[in-house]
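Asks: Start from chain A and add chain B according to the hints.
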Amino acid sequence: MKFIDEYQDNKLVAGLAKRIARRSTKTIRLMEFCGGHTHAILRYGIRQLVPKTVEMRSGPGCPVCVTATADLDKAIALAHLPDVTLTTFGDMIRVPGSYSSLQRAKAEGADVRIVYSTIDAVEIAKANPEKSIIFIGIGFETTAPTIAASLLKAQREKIENFYVLSLSKLTPPVMKALLDSGEVGLDGIVCPGHVSVIIGSHPYEFIPRDYGVACVVSGFEPLDILLCIDRLVEQIEKSEPTVEIAYPRGVKPEGNEEARRLMAKVFEVGEANWRGIGIVPGSGLKIREEYERFDAGKAFSVSPRPPREPEGCRCGDVIRGAATPLECKLFRKVCTPETPVGPCMVSSEGACAAYYQYGATENLQGPEADMEQIHG
Amino acid sequence: MCLAVPVKVVSVDGDQAETEIAGVRRRVSIALTPEAKVGDYVLLHTGYAIGVVEEAEAQETLKLLEEIANLSEVY
Numbered sequence: 002m003k004f005i006d007e008y009q010d011n012k013l014v015a016g017l018a019k020r021i022a023r024r025s026t027k028t029i030r031l032m033e034f035c036g037g038h039t040h041a042i043l044r045y046g047i048r049q050l051v052p053k054t055v056e057m058r059s060g061p062g063c064p065v066c067v068t069a070t071a072d073l074d075k076a077i078a079l080a081h082l083p084d085v086t087l088t089t090f091g092d093m094i095r096v097p098g099s100y101s102s103l104q105r106a107k108a109e110g111a112d113v114r115i116v117y118s119t120i121d122a123v124e125i126a127k128a129n130p131e132k133s134i135i136f137i138g139i140g141f142e143t144t145a146p147t148i149a150a151s152l153l154k155a156q157r158e159k160i161e162n163f164y165v166l167s168l169s170k171l172t173p174p175v176m177k178a179l180l181d182s183g184e185v186g187l188d189g190i191v192c193p194g195h196v197s198v199i200i201g202s203h204p205y206e207f208i209p210r211d212y213g214v215a216c217v218v219s220g221f222e223p224l225d226i227l228l229c230i231d232r233l234v235e236q237i238e239k240s241e242p243t244v245e246i247a248y249p250r251g252v253k254p255e256g257n258e259e260a261r262r263l264m265a266k267v268f269e270v271g272e273a274n275w276r277g278i279g280i281v282p283g284s285g286l287k288i289r290e291e292y293e294r295f296d297a298g299k300a301f302s303v304s305p306r307p308p309r310e311p312e313g314c315r316c317g318d319v320i321r322g323a324a325t326p327l328e329c330k331l332f333r334k335v336c337t338p339e340t341p342v343g344p345c346m347v348s349s350e351g352a353c354a355a356y357y358q359y360g361a362t363e364n365l366q367g368p369e370a371d372m373e374q375i376h377g
Numbered sequence: 295m296c297l298a299v300p301v302k303v304v305s306v307d308g309d310q311a312e313t314e315i316a317g318v319r320r321r322v323s324i325a326l327t328p329e330a331k332v333g334d335y336v337l338l339h340t341g342y343a344i345g346v347v348e349e350a351e352a353q354e355t356l357k358l359l360e361e362i363a364n365l366s367e368v369y
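So the protein sequences, as listed, match chains A and B. My numbering puts the first residue of the first sequence at 2, with every later residue one more than the last. My numbering puts the first residue of the second sequence at 295, with every later residue one more than the last.
In isolation and in its complexed conformation, chain A is listed as follows (with noise of 0.2 Å):
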């Protein structure tokens, strides 16, 4: 396929994993904040060949681990609403809550359904017009768009069945959140692609400005993260950390315009709560007031008991890059693909699911005591 089968070559990887080996010299620690990055970097073997001197760690960048379990709960409760038609990505209708999960809601009677896009919540609020159909509205920058230009196709065709629970989360305001906690040390990040497709290069310029840690953009083929971890490298050998994109071909510094003007129209920065985070100011995307008919979280109400965390599950951690799975008691035991305790190990995305798929171990990890000696 054109614009993927090219990145793969074989002959180019290996080339570029001598350079990298080559220029690397500085023990460093990488994170990829895109879930999508962790499954590419896993799937590919990129860990294999970078140097034992690059760790790289999985961050914060599914939007189905980092949905709160009070959030969650919310959305079980909203689908038990009699006449209501609760539509959702796949993944989520399988993520644990505090006392039950869509999918057993489902099974108890409620009409949960998966569908791969906003557009296919719309038709279904246009079918069924004598139902509420209630969209869960989870991602990042890359989908807060499509949510938004969804929202306004409903409200031009003059559909009132069709609301949106808004769960959209900003990726600058969670990194910042990261680095200011300091808990996890960091020398680069790799940037998301797809989010970046929206947002541009610029939102990223602060932090190597204020904490001196580089930032590049990368594409999710073998090659485009390799070139990736190459620039990191370079900048970090340099000790000149910067914002550079290696997704050109994806990515303009400015971003997509369009998609944040819609993105903007309907949504303005409010705080959200992300799983073994919490609260983040400025990190949400909130519906309107202008447009606030279409606002499940104010159209409906409901109260969920207070959430509970699942017991012994660590992917707050994961989320942050504080630990990996191999260091959750529960990986591979208790918690596997068919029985997942947490979200990390039920989304396509999410970092425990990965490690599991592609049997990540130990020895794939950076040299942890070296690290420790850096970073304290």
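Since the hints were derived computationally from the structure, they do not count as laboratory data. All values derive from a computational prediction rather than experimental measurement. Treat the hints loosely; a few may be bogus.
To give an idea of the interface, some chain B residues facing chain A are shown, with a C-beta separation under 10 Å as derived from the structure [claimed, not checked]:
id, residue
1, S323
2, E361
3, I362
Glycine is no exception: its CB is placed at the ideal position from the N, C-alpha and C atoms.
Replies: This is chain B only, laid out in the frame that chain A set:
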């Protein structure tokens, strides 16, 4: 979830486009990429084209990667 794949635009009808990838056709929204035209590749994410693939940049990156590979052989 931030998955997006490059698909080729085969026809445009208002804010909708017919796209093709590996012989499979799909109707997508180009509401977010009004500049998309027939022959372009767009990044498809949850039913929406979120960006137009820059062909010249794609070639430039491949050229750079080939240069790196050739140089690596020398070492």
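Asks: If you test the structure against every hint from before, which numbers come out violated?
Replies: Nothing - there is no hint that the structure violates, so all of them hold.
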